[in-house]
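Peer 1: Residues per chain are reported as follows:
There are 2 protein chains.
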Amino acid sequence: MNKRVSYSNLSKFVENILTKVGLDEYSVKAVTVGLCETSVRGVDSHGVRLLPHYVNSAINGRKNPNPNYKYQQNLPTIGHLDADDAFGHAAGMKAIEYCMDMADKYGTGIVSVSGSSHPGAMASMALKAARKGFIAFAFTHADSLIMSHNGVRPYFGTNPICFACPRVEKEPYCLDMATSIAPWNRVLVHRNSNTDLPEGIAYNSDGEETVNPQDASSLFPSGSHKGYGLASMVEVLCGIYSGMNFGRNIPSMYGTPIKEVRKLGQFYMVMRVDGAIPEDQFIETMQLFTDDVRNEPSKSNERIMLPGDKEILESRARHKNGVPLDDLTVELFKDLAIKYNVDLEFL
Amino acid sequence: MNKRVSYSNLSKFVENILTKVGLDEYSVKAVTVGLCETSVRGVDSHGVRLLPHYVNSAINGRKNPNPNYKYQQNLPTIGHLDADDAFGHAAGMKAIEYCMDMADKYGTGIVSVSGSSHPGAMASMALKAARKGFIAFAFTHADSLIMSHNGVRPYFGTNPICFACPRVEKEPYCLDMATSIAPWNRVLVHRNSNTDLPEGIAYNSDGEETVNPQDASSLFPSGSHKGYGLASMVEVLCGIYSGMNFGRNIPSMYGTPIKEVRKLGQFYMVMRVDGAIPEDQFIETMQLFTDDVRNEPSKSNERIMLPGDKEILESRARHKNGVPLDDLTVELFKDLAIKYNVDLEFL
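Respectively, the protein sequence lines represent chains A and B.
Reminder that position 219 of the first sequence reads as 294 in my numbering, one-by-one numbering, no gaps.
Reminder that position 239 of the second sequence reads as 314 in my numbering, one-by-one numbering, no gaps.
Calculated from the structure, these hints are not laboratory results.
Don't take every hint at face value.
Which copy? The list can't say, so a pair holds if one copy fits it or any two copies do.
[Unchecked claim] Straight-line alpha carbon distances no greater than 30 angstroms define the calculated DSSO-like cross-link-like pairs of lysine-lysine that follow:
hint, residue 1, residue 2
1, K145, K180
2, K95, K145
3, K207, K104
4, K414, K145
5, K385, K180
6, K207, K180
7, K374, K87
8, K414, K385
9, K245, K145
10, K104, K334
11, K409, K78
12, K374, K414
13, K395, K338
14, K385, K207
15, K95, K180
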């Protein structure tokens, strides 16, 4: 992490690249906000480092830069968005907009997305709704990567769970977690540095635990059978509900040809905060709750945090000091800048 | 576990006791089904062993045997049920009925419950909806019991997550998990036998890990900060959304006088299965998915399971061989049988 870019320059760079690659205006905006906001929040695994892969996906046919969405309102509060192999962020942002429209009118709104692709961090979509005053759930599935309970190989992906809701302070409460014990990115970092993994993180292809990052091929679920169970719930919501692939039939993100579409499902659920108590009371109680948790006694100098607090702190720091990029990303960004004749300015 | 009762005799016993204690007909039925079905599914911690405590709760004022429910339909798909300190199962069963009515009409239905009490296993309510062909989420919060991440004391309860949905085979898919690494009941079993706890289960009152069950006062969250994060999500849905208590303000189940009401919140969300694909296709795909997972290779003789599979197998065995009761429960049941002049027949 030896180069930094300001948030505004990073956003301009990503936006310009995606525009030159041929994404439509809506996709450019959705992917730019999704990747850059995720990076500024410190979630580097799902941030701008994905840009080169996304560019390849658009050029080679996996992701459709100009999707022809088909939206069907099958029930008053549940819609189905066929995303025509859109960028996952674009499909997700579109879906959560439909959800908010339904929730405004009926209290709740659900959109099941089919024909989608990698949507980055689910927080990007959930935060969009939470910043407008809604409670939001966001789910996606992914290719097999967590070891099945009692199994010898993975069936479910790291299938994340995301939940966000508003409070008095500007940034919403936001839980966004994979159902694996650690991100796959952790394995890659150890591969690059050729250092042993901690115990309890990864299995090799024979289904035995390994600390050798080169041998790692699947991850422990978070909390053993509980993470496995949660991953199966996400699979039902994203894969089965949408009529898409599920389990081991999902094409791998990096292991299949970049021209192949992935046919992923996503699932969004938005609800109004005033179903039981008035809106003001909900927002104020969320803040009381937030302050109460943060004031709990801690065993170190660090304050007790709620989900999303770490990202809020990191976001403040990176807005001020710039977003750090790893060496590989810096090199790939330089190549993209030259190839597409786009400015890239480091701090 | 040296005495067994047939499922039908157990149900009759529980029903008769609750009727004599003065619960109204709806409460009797809800609590009987909730406790007995949970026991027959092998989840003894949340089954009929709770009956003596429930009886005390009704006699001493914590739980209202004849609640005057107030239901407000604040939004077309979100209702608020003030349960008037009803038995948790009764409030929950009522809530999920309202949810199904809304889902029938609009696709989704949510009920936020206030003024509730311990609802037993959330699966009781979620399964009720799933058996009628709906997808259901069910949540409750509970008094502080899982250690806060980086903290020295617990803030959140073991706040469970439950999710159920139908498939071709009669019994629905059902995930029902606490967000702690292990149930508190595990600690109690070790207390009774005076044997060390496994590592990574419990903390003492100084916030240090302990294997001494007599010193244990809180539990590890499932998957470290991830279980802690999920517990906070459940707290938002149950405590904040309903306007009830939250965190350390929730009265303890056993640590506060039995005349005190607990003012717990519950949260239910039901949705139709045909929001994106036809109902038949959803049901059949759920079954394909179920069979696919169960046929995954395992590292032992046990088959790979989905959430709820263990309970389905146990239910079959207990329907055939009877429901085992622990010694303490047998003694307390005998006392209840004498006090209320109710038959109790062991196998």
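Peer 1: Taking 30 angstroms as the upper bound on the Cα-Cα distance, should K207 and K104 be classified as within, between, both, or neither?
Peer 2: Close inside one copy (18 angstroms), not across copies (42 angstroms); limit 30 angstroms.
Peer 1: State whether the alpha carbon distance between K414 and K385 is at most 30 angstroms within one copy, between copies, both, or neither.
Peer 2: neither (36 angstroms within a copy, 56 angstroms between copies)
Peer 1: Can you give me the call for K104 and K334, within, between, both or neither, at a CA distance of at most 30 angstroms?
Peer 2: Within one copy, since 23 angstroms is at most 30 angstroms while 58 angstroms is not.
Peer 1: Indicate which option fits the pair K245, K145 if close means a Cα-Cα distance not exceeding 30 angstroms: within, between, both or neither.
Peer 2: Intra 34 angstroms, inter 35 angstroms, cutoff 30 angstroms: neither.
Peer 1: Within a copy, between copies, both or neither: where do K145 and K180 come within 30 angstroms Cα-Cα?
Peer 2: Classified as both: same-chain Cα gap 22 angstroms, cross-chain 24 angstroms, threshold 30 angstroms.
Peer 1: Can you give me the call for K385 and K207, within, between, both or neither, at a CA distance of at most 30 angstroms?
Peer 2: Result: close within a single copy only, 22 angstroms intra versus 42 angstroms inter.
Peer 1: If the cut is 30 angstroms between Cα atoms, do K414 and K145 qualify within a copy, between copies, both or neither?
Peer 2: neither (34 angstroms within a copy, 66 angstroms between copies)
Peer 1: Could you place K409 and K78 in one of the four classes (within, between, both, neither) given a Cα distance threshold of 30 angstroms?
Peer 2: within (12 angstroms within a copy, 74 angstroms between copies)
Peer 1: If the cutoff is 30 angstroms on CA atoms, where do K385 and K180 land: within, between, both or neither? Let me know, please.
Peer 2: Neither, since 34 angstroms and 41 angstroms both go past 30 angstroms.
Peer 1: At most 30 angstroms between C-alpha atoms: does K95 with K180 qualify within a copy, between copies, both, or neither?
Peer 2: neither (38 angstroms within a copy, 46 angstroms between copies)
Peer 1: Regarding K374 and K414, is the shortest C-alpha distance of 30 angstroms or less found within a copy, between copies, in both, or in neither?
Peer 2: This pair counts as neither: shortest intra-copy Cα distance 51 angstroms, inter-copy 50 angstroms.
Peer 1: Given a CA cutoff of 30 angstroms, do K374 and K87 count as a within-copy pair, a between-copy pair, both, or neither?
Peer 2: neither (42 angstroms within a copy, 51 angstroms between copies)
When each numbered hint is compared with the structure, violations occur for hints 4, 5, 7, 8, 9, 12, 13 and 15.
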